[in-house]
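Chains as they are written, first to last, in the numbering used here: chain A, 1 to 358; chain B, 1 to 460; chain C, 1 to 257.
A couple of the hints might just be wrong.
What the hints assert, rightly or not - Derived PhoX-like pairs: lysine-lysine, alpha-carbon spacing no greater than 25 Å straight-line:
hint : chain 1 : residue 1 : chain 2 : residue 2
1    : B       : Lys63     : A       : Lys231
2    : B       : Lys63     : A       : Lys191
3    : A       : Lys153    : A       : Lys191
4    : B       : Lys128    : B       : Lys367
5    : B       : Lys63     : B       : Lys20
6    : B       : Lys20     : A       : Lys121
Hints listed in this document are in silico derivations from the structure and should not be mistaken for laboratory results.
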Amino acid sequence: MTPGGLFARLVAALGGLGGLRRNRERRQAELHQILPPGKRQFDAVRSEEQGRGREAAPPPELDETGDPRAELYVALLLIAAAVAFVGFVVFYVVSEDTQLLGLSIGIGLVLAGVAAALAGKRVVIQEKTTDEYVAYGDREERREVANHLVEGKVGVTRRKLLFSSLAAVGAALGAAAVVPIASLGPRVGEKVYETPWSAGKRVVDERGEPIALDTLSPGEFITGFPAGESKEEIGSALMIVRLETDELELPADRADSAPGGYVAYSKICTHAGCAVSLFRYPTFDETQPGPALVCPCHYSTFNPADGGKVLFGPAGRPLPQLPLRAGADGSLEAAGGFYEPIGPSYGGIREDPGAKPL
Amino acid sequence: MIRRTVAALDQRLGAAHPLKRTLRYVFPDHWTFMLGEIAMYCFVVLVATGIFLTFWYVPSDAKLQYTGSYVPLQGTSMTESFASVMHISFDVPAGLLVRQTHHWAADVFIVAIVLHLVRILLTGAYRKPRELNYWLGVTMLGLAILEGFLGYSLVDDLLSGMGLAIAYAVAMSVPFLGGQLAFLVWNGEFPGSSSLWPRLEILHVFLIPMAIATLLALHLAQIVRQHHTQFPEEGSERVVRGTPAWPGYTFRSLGLFLIVAGVLFLLGGLVQINPIWEWGPYEPYLSTNGAQPDWYVGWLIGALRLMPPLEVVIGDYTVVPNPFWGGALFPAVVFGLLYAWPPLARRLRLDDHREHNLLDRPRDNPKRTALIVAFLVWVFAIFAAGATDRFYFRSFISYEGQVWFFRAFALLVPFLAYFVTKRVCKELRAREEHPLRGWRGTVIERNDQLGFEPARKDSA
Amino acid sequence: MKRLRVLIPVALLAASISLLALEASAKTAGEGSASTPPSSQFALGRAPESAGRGLFVQGCSSCHGFEGEGVKGAGPSLVGAGEQAADFYLRTGRMPLDRPSEEPIRTPSPYKPAQIRALVAYVGSLGGPPIPEVHPEDGDLAEGQKLFTENCAGCHQIVGRGGILPGAVVPDLGAASALDVAEAVRVGPYVMPSFDHLDQSEVDDLAAYVEYTHDPEDKGGWAIGHIGPIPEGMVAWLLAGVALLFTIRLIGERTTR
């Protein structure tokens, strides 16, 4: 079958899609139809009853005629492959170029492979032989096996007692074997709610410099960390964003969490834990989309103006806000812990009552 | 010389009989039967190149400042894991070639497995008595996907680090068990402690390759024991016909192995893959737009992006966090259907309960083929949802709009695919002289007395 | 027909390569329509500011007002935007914009360079920062990669190939000059935030890095677009997959008719 023919059939098939229901009706009618003379009817059956495949397979074949030209090609290919492999060795010694190394060994292998395949199809004898499929399954043997297994019970009187004690020890041993898996890690417990942030903790940038109230203008963001703590803990990193004070729509109980329009959010997405590193801020909010913190993994979008609520995307919890206040020296510091637990959800994520600003 | 070697082996090990059977073993010749071999040879290349890489890779999250030869990362703080892979890429002779070949081999390994799986499904090779072998194969597919994910995550670059964070979230999202499960695997909260990296390494370098190799050996052993299936032209339910292992098939298979290795090394040298020096090292507070997992994990990112923000909360307890739907339930359903397929196909009356050593052409069982195609199209549609960022980038369709489009697309297109495929199969069959190749029956036609008689050759 | 059997895989390979090449090409996102060129009525010869004012009135005032004071629902005030912003938007062709709701994207500017200078001078006269200095040759590449990763990669992708987010398309930086970078970073055009808190040396570092990303070190070979696993997967399927299918088709046999 040619590709062109297949395509024609595909088109015909698609064109015939409209006739779906008509076909079903037609087929049903055919079953009851009396065919006029000369009309063929095929019996299209899937089962083996009719014996798909030949009764006896075609006889084995053997073609012993050699093919000197193919042998020559094989030899030439092998020599060319050898040259390529030598080339690889030379390139390895002389140059560090990955492309030359890959090209030489790759071409060598492909040439050698073509030689081997050509040998397999043209040089060595071509045979078709047969073998038998074995129909496994011997009823007699199975019966004997079953009987032999059942013999284990003969002469054993207190079967129920032994069985139940066996079951008990099996369960206990299983538990004992499985329990050491708990050594692999700590209990999830309150660990998830522990973050390095608490009231008075100074906010610093990636280099450890404090962030002052005049560091950012509205419409800018910076990544913040707790002074002196590990930056790698997921509870550490913040997206600090400065909005215009009249853009803020924070809930009443968070009214004092944003000095000078600075709001801080956990940088770890509450969907699947990627860093929420995109900040969208309109130049002209009358025609452009509003401020948003966006995660680049699955595009969960959070509103920095109203406490991190989800605007779009699969995140099931808002982005946790960290309340800020101005420290004595005019730099930002935390006014407490996060309002909500940070990071991706798990069973107990909404349970902890303790994660409130101090 | 040959006689003497064989004699030596036979007198010590009784090798003559097994050798005789091995050398005369019959391989049916259809080209689609070689897809599994491509996968196997990719695995061989993976192990060989992987051993080289293990001699250089360091599984450690200890931090250091880069002092290697790549200028834009000079002085940058990174983990020893990342630094060791930078070292392989820039300072070990042929290191980058081996590393890239290893990564290409992983990608192509799973391409070959998927093509092989589709062939198995569409030709009905999974039917009795080969269900066990089919299940071994599906398991190897799952292990290969996990193995590949672990492999590129070991490097600790920005892209794969983001992927590990998502894996952590998916682990946490398993109802009831997830939180503790994630803490056990990571030994604490993400990004985990220093023991995470040796764990990932031992999984990737030893445990899973051993598992795959063992399953592969069982897979091959079962094929040998039961003999490979074949199409009806060549043989029958009783007799398998093909090329013997020696000399014909050995050379063809050897040729395929060398060509597979050659293609992988050509890619490894000529086409850049996972340029970690451009991504840079991972930190939990860093991310990049356009981050994608390797293609065989891409179906999951699509599912994660398409799901609406649904979390099942009862009281204070979060029973089902959001990543569960796309990251755990979806692959569980897909693999569950794959595992369940042999009995399910029987239950749906797409297959019978008999043994089959002969294969169907896909068109010979239109409903089964159509259902399989619809299933694959469904998975592919979800894959497409996660993979087509660059298309939106060029086309200016809004992201929110395309999420809705793909939700509808993934639900509706499988039905369309089902009907189109079934129709195509029926058309293809109807247009041939005989509806079934190797069909052995009698063509009958009505005679003048309204009885039936065998058709005369010359009747139209 | 036998020839077709060879041609088909070759055609498939060719199609795959062209698909990959299309994917890999670092084109800027889309092409905005160029506005009609301004008339030469405001020919230069007069003082740039007044020539600029004329051009401004003709091409910009419908959205930005006759004195640059802005028009509600159409365009923001340009008072205080300065030469910095005007130069960025005009030189990159992001302005003039056909419709206020469109995203400004890089296009060939309908204005000649002299006209742009005139417009920039005019807008600058309304107050605001001048065109910034930038010295990418003084920039530290490693610092630049670090700064870019922290501040820019989330939107622009780690090697500046651009991306998407709800509400906007983020441009590929392949055509961005050092001056473009310095201006954009301070202006924060469209929905991009500004980064005025970065000092001159940091901006130089960023500019150096962005210039580097135009042709980064591709030690591994063909970079297939520098955007990671999607083109890599396409190569695995469309190059390796097709080549290997072709191979087994030749090695194995077809069922006979």
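Here is what the structure says about each hint:
no., hint, result
1, Lys63/B / Lys231/A, "holds, 12 Å"
2, Lys63/B / Lys191/A, "holds, 24 Å"
3, Lys153/A / Lys191/A, "violated, 53 Å"
4, Lys128/B / Lys367/B, "holds, 19 Å"
5, Lys63/B / Lys20/B, "violated, 58 Å"
6, Lys20/B / Lys121/A, "holds, 22 Å"
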